[in-house]
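Chains as they are written, first to last, in my numbering: chain X, 1 to 193; chain U, 194 to 371; chain R, 372 to 709; chain L, 710 to 1119.
Don't read these hints as lab results, they were simulated from the structure.
Treat the hints with care, since some could be wrong.
Said to hold, decoys possible - Once the Cα atoms are required to be at most 35 Å apart in a straight line, the calculated DSBU-like pairs of lysine-lysine come out as:
| # | chain 1 | residue 1 | chain 2 | residue 2 |
| --- | --- | --- | --- | --- |
| 1 | X | Lys62 | L | Lys807 |
| 2 | X | Lys164 | R | Lys464 |
| 3 | U | Lys219 | U | Lys229 |
| 4 | X | Lys104 | L | Lys985 |
| 5 | X | Lys143 | X | Lys162 |
| 6 | R | Lys449 | U | Lys229 |
Okay, here's what each chain looks like letter by letter:
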Amino acid sequence: MLVLEKLQEKFPEEIIETGESAGQTYVVVKREKIFEILKFLHESGELLFDHLADLTAVDWLKKKTPRFEVVYNLFSIRYKHFLRVKAQVPEEDPRITSVSSIWKVANWFEREVYDMFGIVFEGHPDLRRLLMPEDWEGFPLRKDYPLSLEPEQEWQGLVELKEKARRLAPFDWYQRVPGERGPSEVNEEAKEG
Amino acid sequence: MSIVKTIFLTEIMKGLSLTLRKLFAKPVTIQYPEEKKPLAPGFRGRHALVRDPKTGKDRCVGCYRCAQVCPAKCILIETERDPETKARVVKRYEIDALRCIFCGYCEEVCPVNAIVLTEFYEYSGYSREELYFDKERLLQNWDEFIVTQKRPYFNPFWKPRGIPERKLPAGKRQAEGI
Amino acid sequence: MIDLQAFLNTADHFLLKYFGLSLFKSLVLVGITLLHVAYTTYAERKIIGHMQQRLGPNRVGPRGLLQPIADVLKLIQKEDIIPSCVDSPVVFKAAPLISLVAGATSLAVIPIWEHFVVTNVNMALLVVLAMSSLSSFGVILAGWASNSRYSFLGGLRASAQVISYEIAMALALVGVMMLAGSMNLVEIVKAQVASPFKIYAIPQIIGFFVFMVAAIAETNRTPFDLPEAESELVAGYFVEYSGIRFALFYLAEYFGMIVMCMLAVVCFLGGWYGPFEVPGVPFFWFLLKLYFLIFFYIWVRATLPRYRYDQLMGLGWKVLIPLALLNIVITGLIKVMA
Amino acid sequence: MPQAVEIIQKQKNSDQWDEPYLVNMGPQHPATHGVLRLFLELDGETIVRCDPRIGYLHRGVEKLSENLTYSQAMVLTDRLDYIASAANNVGYCLAVEKLMGLEVPRRAQIIRVIVCEMARIASHLLWLATHALDIGAMTVFLYCFRDREWLLDIFEEICGARLTVSYPRIGGVRLDFNQKIIDELYRFTEEFPRRIPEYETLIDVNRIWLKRTKGVGVISGEEAVNLGLTGPSLRGSGVRYDLRRTRPYLIYDELDFEVAVEYEGDVYSRYRVRMKEMREANKIIRQCLDKLAECEGEPVIAEEAPDLLIPFSKPKRPQPAPHPKKGFLVKSVEVPIVPEGEVYFAIEAPKGELGYYIVSDGSGHPWRVRIRAPSFVHISALPALSEGQMVADIIAVIGSVDIVLGECDR
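Work the whole structure out from these sequences, hints included.
Shown next, in the form of structure tokens:
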């Protein structure tokens, strides 16, 4: 396949493995030069992978080392060819270079991968949590993250939230019992506090 | 031409005339509690256990297929062996309707067509317990449902159209209306 | 139907004749208008409903006829919530009243019939214009006092919109004044009927068009309902209001709408005069024309999308005001020629 | 978020307003189409910066799928883009089938195309309804719902559910069509092209509509590809990228339909593309119905299709029982049905490219399911589309890229 040949020619040391799965070609590369590789794939006139269809990660806990794989599914709208690039990321140092300067769409994909797997993308303009609350601990899509926990264990913010709900409970109309604290008392307390 | 159109607001006039025409058209709404839309057969509504007309009991054989296939894990079954006949007896059969996602997998995998999602959708409750159906309640659901239906009643999922017979268990192949 | 004229002629007591008469008239007027406002909301929901192939309200009373009453009762019962963060509770409370009072005051000068006008002032047209601008004052205050970003944007939009469309509307009415030679609304109607076309809407077609568009904009109705644009500003200036104060804003909007329609009837459509006299109901024609205009308002709402803010201003300044000026020039020329 | 609070506090305390005017739009807002939250920095009414915040509907579908069997995970895909759930199901099933190397019977393929296109019309109708309502045209909303109701009735007839259909199965579909459905669909395809002009009369040439949509949210084709836009939003910018033609799946390569493309790249051209797509989808359904008659009576499920009840492995942690008293029976052994491997399969969902990246380790449940949702990408493109526009325009822009938050947050 033309794409693989070109890639092998350009980055002979970087490629670890190539193969095919369900009729789709993939190539496993080292993470160090991932930016250069993808930039080459994006800009080379004969390959022109202009559409980054998907960017995600896979956690191979206890199945493979290194543990993480960052997966780039690339498609060329003009030449209609498809390539999957997988970059290996070890568990102890989960970092890889960001490609959001090549494809703007990678911005949120990378934020999501960071959010879910804890892989840090170096050079990303705005690496924050995306789907989970900002004070969330842990990375949900890692295989060692339990499927369910007690709600308080899952999210620290919940304790605070419950406390706030308790504080605001007197504002609920059905809980206004004569003799209990009403909104005005609560307001005053809040001001004092 | 376009200047004329601009001055006389032709396109706005066309829109106005359309709405004016619709003013006299027949409304398409249905006055819900008074009139109801007929439901399609096989609508996935409230759960029920089929009461067998011959025995007067449910048909469940306690094979656990529905409990296993349920993606929401809302079916709970307990069985025991009858000490005399050594037959399997279903002790508990419970469905948490609030967890259910109405995919209909249970009625599709049931080999004896014991569980069915009926074409009954007007159920609500004041508490969570009211929507936690035990076996008695499920049979009662069936009784409430079947009196509203033309007999014999046949649910499309009991013997799905277009599925080759050899892919179906024997109970489904011989399914009949009740 | 009480024969009003006969009744008034027999009332010869001083108080009744001068003070009591005005009070009586205003009470009747406000009462009837309030009823109209209530049933305009009903008509709006019903007509838009049918235009959209549904039924509209039909649960309270026969055909839903008691729906507006039920709505009012519900809104009165509701708790009057004043958010703790409002900028100034006094202004927050007063704003809907300002809007409503300003809207309702204009009613005093509008003649429904030759002998039924609360105060027949010579500057009636100016009074209406002034009052309709004042009514937006309430909107602006509400937007400001709410201390909410959506309300504030709504209030700002309202002020800008009213200022620009006020000009267009006033200019559109200048043509009528020129033709009638008076600002007294009763005089305008009489002059109108004496004119060759019987109504001013024909010679003043441009003026009538500009007036109607400006009136829709002035009362914040679709397609110019930007201050309360529900898709972007949620409800705009009255987003923080609830219960009866919310209802007052609603009332003010419909009052404004009815007043504008009345003004259009008086200035352009020949007031209470019609092709023939309807015995016993002297303001039959007035009401008929009024209902048609209100229907038109509703009809437009069911059909058109909403303008964007800057486009609205563009329309006002670049299209309507030049058109109104053109109208004045043409009217002047006609006047001179004739 | 702390920054925002800080700025608001500062604005409250100072008399100077040199900071931008911040408006928090959503997560409860009529025009954000769900629980999207936009953080806007305004200069007057012009948007200086727009920062979308998502995650309010995050249900962890990807994580859940890893703990369910392949068939069970399919019902979760219903809940992604709940407006066009049939298309999501089909996409997922096709991905799994490709991984398994399973050939689906022709009749099932035709039926899948029909439900996909029905979902497309239903989705576009809902899009048009809400988009028009956002711009203020209230009546179009109800006309669209009137016709969408018809489609949902047909869905109900097909599979017993109106919204979350769960209709396809791995290896085919769950039920065959009967004559009643086919007749009803013929009637629909006959009538529907007459209904579209009704919506168009109200908005298509209306000067207010044109003013609100033309030249708003403009994006060039190159930029759109770089931002990852797909589907009608990309085709509105003149890029002819339609997976039904570019990488044909099912029987799309046999069908005669046009890919709708417009070249302006603004809200109006995206609107035009969708209107045209509805007509094309109607045409496709028509052709498929004719094809369906040719293979009457054939099975709708593949011979090798796995049983719905694939025994699954014991979950890592016991599932929370529906009742305090636990009593699940989970005793089965793991049986490999899907070979080891991975696949990225994308279909042309109504909203854009809906891709499933499924990694299998050979066990009964997927190792990783990744859903590439078009809405996710489209929301990430909102800042680029809306900056420098007015507040009213962002409503039009959100409407024009057609988002569903269920799919975005997953």
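Quick one, are Lys104(X) and Lys985(L) close enough, alpha carbons at most 35 Å?
Cα-Cα ~29 Å, so holds.
Hinted pair Lys449(R) and Lys229(U), Cα distance within 35 Å
Since the Cα atoms of Lys449(R) and Lys229(U) sit roughly 34 Å apart, the hinted pair holds (cutoff 35 Å).
Hint check: Lys143(X) vs Lys162(X), CA-CA at most 35 Å. Holds or violated?
Within the cut-off at roughly 29 Å; holds.
For the pair supplied as a hint, Lys62(X) and Lys807(L), confirm whether the alpha-carbon distance does not exceed 35 Å.
The hint holds at about 27 Å.
Pair hint outcome, Lys164(X) versus Lys464(R) [Cα-Cα no greater than 35 Å]
Holds, because 30 Å separates the two Cα atoms, which is no more than 35 Å.
Check the hint pairing Lys219(U) with Lys229(U) against an upper bound of 35 Å on the C-alpha distance.
Since the Cα atoms of Lys219(U) and Lys229(U) sit roughly 18 Å apart, the hinted pair holds (cutoff 35 Å).
Comparing the model with each numbered hint stated earlier shows that all of them hold.
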